[in-house]
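Residue-level listing of the chains:
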Amino acid sequence: MKTSLKTAGLGLWIALLGLTACVGAAKPPPDSATIESLGILASQAGQAEAKQQLRHWAEQGLPIAQRELARSLLRGDSEAQQQGLDWLGRAALGGDAEAAYLQGEGLRLGRYGQRPDVTAAKPWLERAAELRHADAALALARLARNGEAGPRDAAAALRWLQLAAQGGNAQAMLLLSNAYAQGQGTAVDWLQARHWLEQAADRHFPAAIQAYALALENGELGLDKDPAQARELLMEASEERRNRWNTR
Amino acid sequence: MSALTSQLRPRLPQPALASACLAALLALSGCGSDSAIPEGSTLELALLSTTDLHQNVLSYDYYQLKDLTGSAGLGLAAAATLIKTARAENPNNVLLDDGDVIQGTLLGDYQAQAQPIPCSATLAIHKAMNTLGFDGGGLGNHEFNYGLPFLSQTLNTELGVTGVAKPAGDCGAPKFPVVNSNVMSVAGKSPILKPYALINKSFNATMPNGGSLPVSLNIGILGFVPPQVMDWDAKNLAGKVYVNGVVESATQYVPELRSKGAHLVVALSHGGLDASPYSPLMENGSFHLSKVPGIDALITGHSHLIFPAAQEANGPKLDGSLASLPAASVDSVKGLVNGVPTVMAQSWGRRLGIIKLSLVYQGGQWVVQKDKTTVESRGLNYTDGKTFVTPDASLASLIDAEHQATIAYAKQPLGTTTDFEMSAYFALVGDVSAIQIVNQAQIDYVKSFIASSSDATLKSYANIPVISCSAPFKAGRNGAGDFTDVAPGATPTAPQALQVRNPGDLYLYGNNNIQAVKIKGADLKAWLETSAKQFAQIDPTNTAAQDLVPSYSTIYNFDVFYAENNALTYQVDVSKPVGARIVNLSYQGQPVADSADFIVATNDYRAGGGGAFPGLDGSKTIIKSPDANQAVVAAYLKRQPQLTSAANGSGRAWRFVKLNTAGPVYLRSAPGKLAIAQGLGLAQVTAEGAADNGYSRYAIDLSK
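Heads up: the sequence lines are chains S and R, in that order.
Numbering of the first sequence is given in this note's numbering, commencing with residue 70 and proceeding in unit increments.
Numbering of the second sequence is given in this note's numbering, commencing with residue 2 and proceeding in unit increments.
Treat the hints as calculated values from the structure; they're not laboratory data.
By construction, the Cβ of each residue, glycine as well, lies at the ideal position given by its N, Cα and C atoms.
Incorrect hints may appear among the rest.
Stated by the list, open to error - Listed next, with one range per pair, are the computed distances between beta-carbon atoms:
1) S:K294 - R:K190: 46 to 56 Å
2) S:Q251 - R:R88: 36 to 46 Å
3) R:L660 - S:A224: 34 to 44 Å
4) R:D62 - S:K294: 30 to 40 Å
5) R:S260 - S:E118: 46 to 56 Å
6) R:S359 - S:E118: 44 to 54 Å
7) S:K96 - R:T252: 38 to 48 Å
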């Protein structure tokens with residue numbers, strides 16, 4: 070599922086924890102859930118003491134703490150955002166996939182007081198994708214499809230979409246389904262098109278639920294016509310639209 | 002699962018796993034011994050549960066004004082029949098709900114927004130739940146959809162959130178405790194509801210000698226919502242509350258609940274099952290919750306799935322996401338997750354969760370006999386897979402006033418009139434009488450959004466033209482009777498009032514959210530070419546009859562564009578192959594350059610890649626919103642004193658390139674509508690001809 074890749078950076082850190090435990094470090098560092106819980110208090114509740122503890126751990130070099138500290142700082146004024154970007158960069162270089170993704174998207178979209186710069190964004194997204202960050206792989210797929218920060222490359226787009234879809238990104242699954250249905254960067258493959266559409270709908274992505282429902286109504290992609298299930302799916306989508314309106 | 006994460010998996014600290022084994026022993030120690038209960042006494046107990054009811058009391062579609070009873074049946078009134086049966090089978094029972102109760106049907110919107118209920122009234126769904134004698138409930142994410150003040154009122158609870166005050170006096174509310182353990186007030190740093198509750202129930206145990214013995218048990222309940230509510234309902238929640246991770250919250254409160262005398266602890270987890278590594282930010286935390294020591298049973302939801310696998314004949318197979326959970330931890334036949342009995346009762350009252358626990362009194366305490374536990378997610382057709390239970394009629398009477406008021410609301414005047422019939426019979430030859438108003442509403446929304454935005458990037462787009470597209474969603478796709486036709490017969494001398502439900506006719510897909518994309522002129526042309534795929538390629542030399550639109554199956558992909566004052570115009574040359582049909586695309590009288598910027602108001606389906614339109618992959622989306630296109634249309638219509646054909650129905654952006662054909666060309670549409678085409682001044686529609694599967698063939702003269 071989605072979280073598994075988003076937390077790949079955490080996974081790395083946990084691996085380090087494991088290693089340090091083996092060599093008998095005196096005081097084990099906090100685990101990822103502890104740091105992220107503190108991140109909630111810092112970002113959502115604005116608790117100063119939580120931010121202070123995160124800063125302490127960030128200064129000790131814990132990438133997750135650096136990222137969570139950055140997240141709370143990026144909600145602040147321009148000075149805080151500048152610090153936030155600095156911490157984000159350190160977390161990303163320290164192997165945190167989510168931080169690399171946030172850094173890349175921030176540059177691509179011109180967030181946090183930065184000018185949009187897709188060329189500068191790309192290496193960060195690539196770093197995140199190398200760490201198996203599904204959302205970063207989707208962003209790279211879009212750059213390749215649309216010829217941004219490089220020439221259009223349907224084959225590369227397909228590879229990134231596959232990585233993103235395998236990592237659980239539902240938007241990527243829908244686009245991958247389309248690519249197989251239309252033969253973009255690949256031969257037409259109806260089975261794959263159907264598989265990834267079903268997967269995308271299973272993740273409650275409203276656009277994919279609708280696409281799947283319409284395919285069921287029409288009997289497309291080798292599906293048997295099933296208007297009753299299609300109607301149910303559109304009801305589901307009507308509920309999900311209130312949740313997943315801002316999906317990455 | 003990626004190779005990387007699976008490699009790392011064995012390293013994950015899993016202290017909870019080991020201690021899960023101890024959970025059963027710890028579980029029942031809360032109350033100490035009761036000397037009156039003979040050692041070896043047994044107690045059969047059923048935890049009954051609903052989840053994701055979504056304000057479905059009756060089996061009714063308020064937009065189509067249609068009863069759904071039967072195979073498409075749903076609703077609490079139907080589930081009530083399951084509850085009645087299950088209670089008869091299990092005299093010792095507890096009835097719980099897992100959240101997403103108050104939102105989901107027009108009834109919910111009516112009671113929350115159109116005609117917000119006063120403090121003195123109780124929501125229809127809560128009335129029904131009170132009557133059914135629910136013992137406890139938890140929140141779902143959708144409980145926040147109508148905002149915190151409404152939640153405070155309808156739960157009759159002070160939330161302790163700054164700026165949110167419950168109305169004075171006792172408000173109508175559930176008569177059972179509604180708990181939540183992980184949503185906290187920023188101001189108070191405390192839970193907005195009771196984080197847990199003890200439900201005291203009297204049961205009948207069986208003594209070793211076979212005699213019956215009344216006993217009293219405390220059932221402890223906790224509740225959890227997905228932390229994602231902070232994104233999903235940011236508008237209602239940001240800065241007011243924060244959401245702790247489910248495991249952290251359970252770890253804090255389970256021991257408290259035990260120390261206060263809970264014999265059994267049941268987690269009402271409004272989340273699904275996800276076995277990927279735990280994070281306090283994860284949406285579906287129930288798998289990890291099962292590993293928190295001291296939880297005896299898990300009621301799950303949110304994913305609208307069936308767990309354990311359906312047991313009725315020819316029941317649906319286990320959902321793929323559940324089937325792929327690690328078999329070592331999840332038994333999807335017995336309904337065990339890390340050994341903890343777990344149920345998910347789908348949604349909308351279509352199932353009832355039944356966890357049967359068998360307790361034995363040993364060493365002065367009640368102990369769960371794990372091997373005797375059974376779990377079932379029982380469907381409305383559980384007896385034979387075919388026969389659906391008869392809904393409980395008393396619930397229909399109980400909420401009849403609310404039901405009728407909602408129907409009356411759906412039919413109520415929207416507050417505007419139209420002097421023209423808004424139909425889609427001839428949308429494929431250029432009529433926009435049912436489309437232009439949608440486009441006008443969407444343009445208005447997006448322009449206002451940009452004008453009022455504080456986002457620097459959006460602000461910088463202020464001078465880019467905002468255009469819009471929408472499709473004739475109901476234009477023959479489901480047969481000759483399936484056409485949008487609002488205010489039939491309306492004329493300037495006899496205008497008609499629009500009804501509340503009409504926006505649903507003009508904009509069929511209630512699941513769509515409005516979005517805006519920023520594209521180039523070249524993208525716009527490619528978009529129009531894709532829309533124009535709906536037309537057959539007409540061979541002018543062919544003397545045989547040619548169907549202009551051979552299939553209506555994907556007519557929802559026929560996007561018709563509009564700019565204010567009809568400033569965007571284009572023509573379609575149906576004699577050309579797909580991809581080379583759009584000519585004379587111009588904006589404000591000038592040809593559209595490939596490099597020109599446009600902002601297009603559309604929906605989330607199209608913007609996210611639905612229909613596979615070139616370049617639309619979510620990356621061009623500049624506005625995302627939880628506002629439905631339908632609601633955008635409704636709000637815009639309400640602000641118009643009257644709709645006129647001149648202003649709202651005749652701004653045709655596109656027409657055909659004139660073409661002389663050797664043979665006849667026809668369009669299939671509903672029979673008997675030639676007068677409408679003529680009234681619309683569609684000169685190309687010259688005659689009504691032979692029938693074809695219920696459709697009439699209208700002769701189309703493309704030279705006109």
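Identify every previously stated hint that the structure contradicts and give their numbers, smallest first.
Hint check: 2, 4, 5, 7 fail, others pass.
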